[in-house]
Amino acid sequence: MTSRPAASEPYTTVIGLEVHVQLQTRTKLFCGCPTTFGAAPNTQVCPTCLGLPGSLPVMNRQAFALALRAALALNCRIATFTKWDRKNYFYPDLPKGYQISQYDLPFSADGWLEAADPKGAFARRVGIIRVHLEEDAGKSMHDEAAGVADSRIDLNRAGTPLCEIVTQPDLRSPQEARVWLNELKLLLVYLGVSDCNMQEGSLRVDANVNLHILRPDGSLAKTPIVEIKNMNSFRSVERALAYEASRQWEEWQATGAELGSAPKQTRGWDDPAGVTRGQRHKEESSDYRYFPEPDLVPVTVSAEQIAEVRAGMGEPPGELRARLADRWRISDYDADVLVNQGRDLVAWFEALATLTDDGKVASNWMQQDVLRTLNERGGTIAGFPVTPTAVADIIGRITRGEFDTSRGREIFAAVLETGRSVADVVAAMGIAAVGDDELESLCRELLAANPRIVADVQGGKEQAASGLIGQAKKKNPNVNPARVREKCLDLIRRG
Amino acid sequence: MTIVARSAVELVAAVRTGELSATACVEAFLGRIAAVDGHVNAFLAVSRERALEQAAAIDGRRAAGRPLGSLAGLPVAVKDALCTTDMPTTCASKMLAGYRPPYDAEVVGRLRRADAVIVGKTNMDEFAMGGSNENSAFGPVRNPWDLSRTPGGSSGGSAACVAADMAPVAIGSDTGGSIRQPAGLCGITGLKPTYGRISRRGLVAFASSLDQIGPMARSAADCALVLETIAGHDPGDATSLGDAVPGYTTLLDEPLAGLRIGRVKTHFGPGLDPAVAEGVEQAFATFEAAGATIHEVELPHADYGIPTYYLIAPCEASSNLARYDGAHYGHRAKPDGGHRAAAGNGRQHEPAAAGGFDSPLVEMYCRSRAEGFGPEVKRRIMLGTYALSAGYYDAFYAKALRVRRLIQQDYLTAFQSVDLIAGPVSPTPAFKLGEKTGDPLAMYLVDMYTVGTNLAGIGGISFPCGFTPTGLPIGLQLQGPALSEPLLLRAAHRYQQLTEWHIRRPALPA
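Order-wise, the sequence lines are chains F and U.
Following the numbering used here, the residues of the first sequence are numbered contiguously, the last one being 495.
Following the numbering used here, the residues of the second sequence are numbered contiguously, the last one being 510.
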């Protein structure tokens, strides 16, 4: 990856991410406690996740399988032998005084995930250094009301399975970081690995960032790496990185400080203020005294196990986009819009496209009608009251000339509203296909009443015929405008 | 024969036939505890009422013709390192004084389901760290054979209570010799099974890769009886073995003819008390007379056992004991008023000048641990913390793991030519209380013959093989390959059929 400064800025921003994802398991990583979010504090706990004397961990096989799925989708190499390690540190939300994690032999490493800007501005393949499994800590709640510092600990989250994904410093702008995170989230949701709900803490991002600055003499200066924490949305990741890049640029101009001149700094993102603030350096010097967890046995992973997980994985979003664009001849942009809505919506689209045998029309209906309705009404495609068959029926009738697209939309709205079939709605609205004789007599009537338009058309101004269509729809709302136009022109030509 | 002098096998049979009621049985031992434990200090808690209730319930069920468990009515004393819901579990530490676990250890559950009656919790070295029981926060246990001497440790209370007839059977735990050494010094039989043979769930961890629970009793036959109940796979302990549990009691009487016993020359080197050496040599002669053959074997890395053990065990301990921080349970230092006031002014994120603590939280941690732990526990936490620190890991912990593998290999090689290895349990008989407390290194050497078993993860048993001229028991240790418990128990049992050392009882002041 080159790091030549872009034309617009005198530096390149170099970003690596550390993402923690909570796995969607029913129970915790090393005990049978439920992982449901939002339960009353300290109600989903047992001796193991409370770290009581004598308690022992037992690995949750489902968590390991989900983590394997994520690592495979991230194109990682899976270790055939992996083990657990203890990361030792004192904190009240860590009841054992150590976190069970993976240190020198993570279960997977050396992967990548590609993300592209939907408008084609950039595409970036980001290397994954490692993916490992670990248990989450509990939550400290600090209540400093009335000047009395009071801390409460909720250990419901303690022991929840987390996947830690560490990327190479391959991202080159805050926007790239946001787009890549979106792609990662989409992938993990598609795989059923995590719900990636940032508000509930099931996806957390820390970012490492520094600048590569090209000096006038052609040499490269690198600013000290800063780790940013406390970012609660992808939007704040983007903002924090942008702020940090300009802060580092100013600092470099003022001090010229380069990478290696000071220990790595940790800064917290203050979202309302829109700034990063330095945190205490103390954590940097901490020594976690990692050593192999003696209460757990190492895990071996067989080729059969990997094949089994791979078989149950489903199509990841990247492959799905390419396939949709190719099979249904829709644009990359349209495929992206559909895939971003999730696997269920894509299935709905493909059902519609198959029934109509026209991917473009199906995609237009998805985006203009189905998605808009979903956005207005809320809810998911799984609970959508109109079926692909009904929409395909409407599209078919439009194609056959029973009515035009705008009339079709009215029918769609009525089907949505009443829950009745397309045929019923068409009948109830009195829509019937207008016969050839009926159409001809209607057109003759119109021509007789509009000698001026007839004259204009005869004089070569064919577009003047459009003036007849509105009148035709007033006389009979079921007429097809294209047929009215065609028939009128035909009658005028024949004289 | 008085009730308390009878073996566990006899007591269980007597209760089953109705010759003895469970209540009479339990009452007899409770009476003995009341009579003599004032001298011995073997118990940290005695569950008198609950034990009698359980005994009465067993008698009721028997009278109603309902089935009884395999250990019905048998009083059992449990080391205070095993969690019990009906009695505190303190590990003989101020840190856990009064701590009441919300669950029973797997072994305790198995005993209860077999209708054994847990009569009390036994004294020990704090968090099982020590070889003399002097590290108990609740006073040392005294050796029933000589009250001025140590019973050994860390399961000293369990050994002493059996030796003094306060319980027919006790449960101990052995990390580097903590069952075998006190059994040897108290003249009883103690088995350290293969690592993983018995679930560790609910055993308060000292060094997880070395800890193993085992039975302590007056005879190998009694140990076999209890082992049958407490051994077996536990899905709640990832390190527990899935192998089927053999009928240990039914395999005891096979003859020893053809048994190959290994003798390690370095076991008889400097530091071995001559009386102990003589007792052990006589035991070899006894085994030979019973049809066994004696062969010289080598354990080339045995000298590295103590340094290896005293790296691995403290490293694991430093992490296992991190949870005792005063935040969630156990001892918490009383807040220092002046400092809390400063924290209340919103200064809690700044380094506090007073006392040199970074924050009130760190101060609470430091003071709680300083007050809650005794000196030996602190020493081992510091040793382990140091050895695991960045820059030292490879030189200490990683190297110790490599030596541990060599020691394991030594045993595998030796067991290709012999079935068991015999030798002394400890280099001296019971020493005087206070004799070694000023010299931690000398104290660590009492484990020199026992730590190898734990490092290798194999089985070992110790039982009396004689007495010194001053009347102190001498212990013999047998070590066997992984899952050789049937053979270890059988060899000890055959030896006990040929000798009477295990029958002798100390005379305690009434």
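Bear in mind the hints are in silico, worked out from the structure with no lab data behind them.
These numbers were taken from a predicted model, which means no experiment stands behind them.
Accuracy of the hints is not assured; some may be wrong.
What the hints assert, rightly or not - Straight-line alpha carbon distances no greater than 27 angstroms define the calculated DSSO-like cross-link-like pairs of lysine-lysine that follow:
(1) LYS87(F) to LYS119(F)
(2) LYS436(U) to LYS378(U)
(3) LYS399(U) to LYS94(U)
(4) LYS87(F) to LYS399(U)
(5) LYS139(F) to LYS334(U)
(6) LYS334(U) to LYS83(F)
(7) LYS334(U) to LYS94(U)
(8) LYS264(F) to LYS87(F)
(9) LYS87(F) to LYS378(U)
(10) LYS461(F) to LYS473(F)
(11) LYS185(F) to LYS222(F)
(12) LYS378(U) to LYS399(U)
To be verified - Some residues of chain U that are not near chain F, with every Cβ distance over 12 angstroms (derived):
(13) GLY18
(14) GLU254
(15) LYS432
C-beta atoms are modelled at their ideal positions from N, C-alpha and C, and glycine is treated no differently.
- prompt: Hint by hint, which ones does this structure get wrong, listed from lowest number up?
  reply: 1, 3, 6 and 11
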